[in-house]
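Enquirer: What follows is the residue order along each chain.
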Amino acid sequence: GAGVSQSPSNKVTEKGKDVELRCDPISGHTALYWYRQSLGQGLEFLIYFQGNSAPDKSGLPSDRFSAERTGGSVSTLTIQRTQQEDSAVYLCASSLVPGGLGGYTFGSGTRLTVV
Amino acid sequence: EDKVVQSPLSLVVHEGDTVTLNCSYEVTNFRSLLWYKQEKKAPTFLFMLTSSGIEKKSGRLSSILDKKELFSILNITATQTGDSAIYLCAVNSSNTGKLIFGQGTTLQVKP
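Residue numbers (the numbering used here), protein chains in the order written: chain A, 1 to 115; chain B, 1001 to 1111.
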């Protein structure tokens, strides 16, 4: 597509429920990244996919968080047993060049609110 | 541990003022430094800097990198209310594919 598409744009969920956030990167971009931004904070790295390589999961905050990327395109970030501290904007980005050397393109994010 | 620190964290100015935003970093195997502007949700790309002393310029915005002192500045001249946003600095290390972001500087430009 023309840009990075994320869905849903907003999600309100009850504490303890599982949620799935979707990211559709720019066509042809081999690198895909997930970041989290809490209110008034910078972006916190979560996970990075590059082609068929094993993903860099070093930023996932707990084992309740997981992500997959199917067919080298669409990615899904899953949060199990959500907690209130998971409330944040989840941003996805993709880049043509690994490592984002040419700059990432970000999606508009999913605002997750856990009540 | 790699880190990026921005200052100030917030800034309020009036239209027409000039502002300078700072970004310092400590990262192994530095490859590039990037500036983003975030108004709603999606950060938008402003500049990428890889070499010291070479100013990048786009309209009223400019940025420069000092790889010896490990910092970058983003200048905005003749500020306008539309410049109000969070400005994010990020560094890319060749060790990993990820960008390490600073906390951001929230700029508010008053009429």
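Note that these hints are calculated values from the structure, not bench results.
Incorrect hints may appear among the rest.
Stated by the list, open to error - Subject to a maximum C-alpha distance of 30 Å in a straight line, what follows is the list of computed DSS-like cross-link-like pairs (lysine-lysine): (1) B:1057 to A:17; (2) A:11 to A:57; (3) A:11 to B:1040; (4) A:15 to B:1040; (5) B:1056 to B:1037; (6) B:1110 to B:1057; (7) B:1056 to A:57; (8) B:1003 to B:1040; (9) B:1057 to B:1067; (10) A:57 to B:1040; (11) B:1037 to A:57; (12) B:1003 to B:1067; (13) B:1037 to B:1110; (14) B:1041 to B:1056; (15) B:1057 to B:1068; (16) B:1110 to B:1041; (17) A:11 to B:1037; (18) A:17 to B:1040; (19) A:11 to B:1041; (20) B:1003 to B:1037; (21) B:1041 to B:1068; (22) B:1110 to B:1040; (23) B:1040 to B:1068; (24) B:1003 to B:1057; (25) B:1110 to B:1067; (26) A:17 to A:57; (27) B:1040 to B:1057; (28) B:1057 to B:1041; (29) B:1110 to B:1068; (30) A:15 to A:57; (31) B:1040 to B:1056; (32) B:1067 to B:1056; (33) B:1041 to B:1003; (34) A:15 to B:1041; (35) B:1110 to A:57; (36) B:1003 to A:57.
Enquirer: Does the alpha-carbon distance linking residue 1041 of chain B and residue 1068 of chain B stay inside the 30 Å limit?
Expert: Violated, because 33 Å separates the two Cα atoms, which is more than 30 Å.
Enquirer: Between residue 11 of chain A and residue 57 of chain A, does the CA-CA distance stay at or below 30 Å?
Expert: Judged against 30 Å, a Cα distance of about 23 Å means the pair holds.
Enquirer: Can you confirm whether the C-alpha distance between residue 1110 of chain B and residue 1067 of chain B stays at or below 30 Å?
Expert: violated (34 Å)
Enquirer: Run the distance test for residue 11 of chain A versus residue 1037 of chain B: straight-line Cα separation, threshold 30 Å.
Expert: Within the cut-off at roughly 24 Å; holds.
Enquirer: Holds or violated: residue 1057 of chain B and residue 1041 of chain B, Cα atoms, limit 30 Å.
Expert: Holds, at about 24 Å.
Enquirer: Is residue 1037 of chain B close enough to residue 57 of chain A, meaning Cα to Cα at most 30 Å?
Expert: holds (26 Å)
Enquirer: CA of residue 57 of chain A to CA of residue 1040 of chain B, is that 30 Å or under?
Expert: holds (27 Å)
Enquirer: Take the C-alpha atoms of residue 1057 of chain B and residue 1067 of chain B, compute the straight-line distance between them, and say whether it is at most 30 Å.
Expert: At roughly 18 Å apart (the allowed maximum being 30 Å), residue 1067 of chain B and residue 1057 of chain B satisfy the hint.
Enquirer: Below or equal to 30 Å on CA atoms is what counts here, so check residue 1110 of chain B against residue 1040 of chain B.
Expert: holds (18 Å)
Enquirer: Within 30 Å, alpha carbon to alpha carbon, are residue 1056 of chain B and residue 57 of chain A?
Expert: violated (33 Å)
Enquirer: Could you grab the alpha-carbon distance between residue 15 of chain A and residue 57 of chain A and see if it respects the 30 Å cut-off?
Expert: holds (24 Å)
Enquirer: Check the hint pairing residue 17 of chain A with residue 57 of chain A against an upper bound of 30 Å on the C-alpha distance.
Expert: holds (22 Å)
The structure fails hints 1, 7, 21, 23, 25, 29 and 35 (numbered hints given earlier, in ascending order).
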